[in-house]
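Fit chain D to the given chain V structure using the hints.
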Amino acid sequence: MEFLTEIWSFFTFSEPNVKVVFWGSLILCSISGLVGTFTLLRKRSLIGDVISHAVLPGIALAFIIGQQKNPLYLIIGATITGWISTYLVDYITKHSKIKNDTAIALILSVFFGVGVLLLTHIQHSGNASQSGLDQFIFGRASAMNMSDVWLFSIVGTIITILIVIFFRGLSLLSFDENYSQSIGFPNELLKLILSITTVTTVAMGVQAVGVVLMSALLITPAACAKFWTNKIIPMAILALVISGASGVLGSAISYTYNGMPTGPWIVVVVSLFAFISAFIGRKNGLLKKYLQRSKNNTKILRENTIKLFFNPKTLGETQFSFEDIFAKSKMQRATLKKGLSLLKSDKLITTNQGTYATTSLGIEEAKTIVRKHRLWELYISKFMHLQPDHVHDDAEGIEHVITPEIERELEKELDFPTKDPHDSDIPY
Amino acid sequence: MKPSVETHNLTVIYDKKPAIWNIDFTLPTGKIIGIMGPNGSGKSTLLKAIMGIIEPNIGYSKVFDQDLEDVRNKVSYVPQRQSVDWDFPASVWDVVAMGRYATKGLFKRLTKEDHRMIEESLSKVNMTPFTNRQISQLSGGQQQRVFLARALAQNADLYLMDEPFVGVDAATEQAIITLLKSMRDAGKTLLVVHHDLLTAQDYFEHMVLLNSRLVAEGPTSEVFTKDILTETYGGTLTTLSKVANVLQEKDFPMRHK
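Going line by line, the protein sequences match chains V and D.
Taking the working numbering, the leading residue of the first sequence gets 43, the next gets one more, and so forth.
Taking the working numbering, the leading residue of the second sequence gets 175, the next gets one more, and so forth.
If you are wondering where the hints come from, they were derived from the structure by calculation, not from laboratory data.
What you are looking at is a predicted structure, and each value in this text was computed from that prediction instead of being measured.
Note that beta-carbon positions come from the ideal geometry of N, C-alpha and C, so glycine has one too.
Hints should not be assumed to be uniformly reliable.
Claimed, not checked - Below 27 Å or equal to it, Euclidean Cα-Cα: the simulated DSSO-like pairs (lysine-lysine) are:
| # | chain 1 | residue 1 | chain 2 | residue 2 |
| --- | --- | --- | --- | --- |
| 1 | V | 337 | V | 389 |
| 2 | V | 273 | D | 278 |
| 3 | D | 190 | V | 139 |
| 4 | V | 386 | V | 349 |
| 5 | V | 349 | V | 461 |
| 6 | V | 139 | D | 191 |
| 7 | D | 282 | V | 273 |
| 8 | D | 278 | V | 233 |
| 9 | V | 233 | D | 190 |
| 10 | V | 141 | D | 424 |
| 11 | V | 386 | V | 409 |
Stated by the list, open to error - Now the stretches of chain V that chain D is said to cover, found in silico as 3 or more residues with beta-carbon under 8 Å:
| # | segment |
| --- | --- |
| 12 | 204 to 210 |
| 13 | 216 to 222 |
| 14 | 225 to 232 |
| 15 | 264 to 275 |
Unchecked claim - Beyond 10 Å from chain D on every Cβ pair, some chain V residues (computed):
| # | residue |
| --- | --- |
| 16 | 47 |
| 17 | 59 |
| 18 | 106 |
| 19 | 113 |
| 20 | 122 |
| 21 | 142 |
| 22 | 333 |
| 23 | 410 |
Same shape as in the complex, but just chain V (with noise of 0.2 Å):
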């Protein structure tokens, strides 16, 4: 309750400084979120790692040739070699026999580590100016004021504008490059577009998530939002909105912690969201896949269970005990019961002092999982060309699964069997 509690006095703006962590985190996240979802789409996440890892350098050589740390400098040195390093990927995967996967390590490790180089540098000569200037390794919101935060909001509304307007050839291009320039779209200046504001989002998110964990914040909203929507519009929107919260609640939780680095904590929120999604997600979520396949299991347990009444010769008419039933059935004795239950509750059965009987609706359900079945049966015998021994395992599987439409051209196909393959009667 303590922990809810500060956290929501983040919330408050009591401090000043908490408006400008409030804010700054919001906008920073918010782009890197829209801007991710065109990564994600062209399946470049990994380049979003190696740009994220190149702003380092530059951030130490603009802090270097500056002497100070002014954000626009540091913006501007870190978009310079996080372009550079995405060219070079491109470049050396398009000109040398290096595959596009180990041109991404080798990039990325090379900036990285001169990144780190430099900085190490710049802390041992005496500089004052420079405290603070590692967390650009992990990311510190509480570090930024109020000029950055008007920064960031003229380059997030540049960016945004950006890719508001060409949202259309954006998508296209994403979707098919080819044809997009089939068309005639110019994709280079729309790779251009893409590249400029991935690049300068990153430069500007490593402020409040660091260099090591800020591709997770570029591509993990995106991620999130495809388990709720099938639709670009609505994902980019979802992605900007998860990815803004995320920011917000990371930077919340390490601004009361004081001493927590933000990243890790913004990573932490971000990755939740994306476990949630991934579990009750609407599209492609394990829960909606868990409902199904437990719906399923249940069709399959009634249908078997009605399947021990059919009896061609008594249809309807014997009282049986639970031990006939039982010793016909191949299911556990809990299983039976549980199907019998679901029979009786849905009517297909009556019980009489401990026997079962059908009922009309009963027989009528029997009849047909027997015909759906011995259907089945035939169809594999013939288009499959099945041996008669062979095809009741198939049929056992398949009976649940044929809809009435199925059915319907089953028979037709098969133009109105009366036989199945073992030579019983097909009910109708």
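Quick look at chain D alone, frame taken from chain V:
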């Protein structure tokens, strides 16, 4: 009659080695034209070079006797179905609408007329019931129909299609060829990359036979002969590929400037 496509010494070099070499032909209009050849013979490369997706290293091509830039809105390209990720967040309608971007450009809004053309294209490929379906849920044949509908929405005069019959079911293949024939009857020219020799004769009235170099080009009755097919599919020319290998290994230029 104006030729539909003409190429002059068209040469594309991949990794210092020519993928297509000195392709030189003039194709008629109003016909279904097949581009045939073995794997790796440069069929797709040829289409991409004509479409300006790949810049040729040597030579040039013209469409309807003009530069591609001047007649781009009369030409429609259907890429290989496998060249895109069908898990992309888009619906069938979204993809077909891309066909209208060819005339609308980057910024202009789609009008009622555009919507009508999109719906019409969908109905021509029998995909109307799937209009709002996510493209990730389509079968291979349905994906190909969506690509064709996108091309139809462009309302072009020349269609360049890269392997439209690959990985589709028999019913779709029939539906596609019927559609192509009705397009031809409406005066369109269709240039189709294909590799199935069994059906080639029935589908195409005119053929380009390719094996890095141009083996033959002409009406099907004249070029679809045993000798030419043997030359096309019978492997590469030994001397030619030796020269290509030297070009690649020693990094020689193809032409002196």
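Hint check, failures only: Checked against the structure, no hint fails, so every one of them is satisfied.
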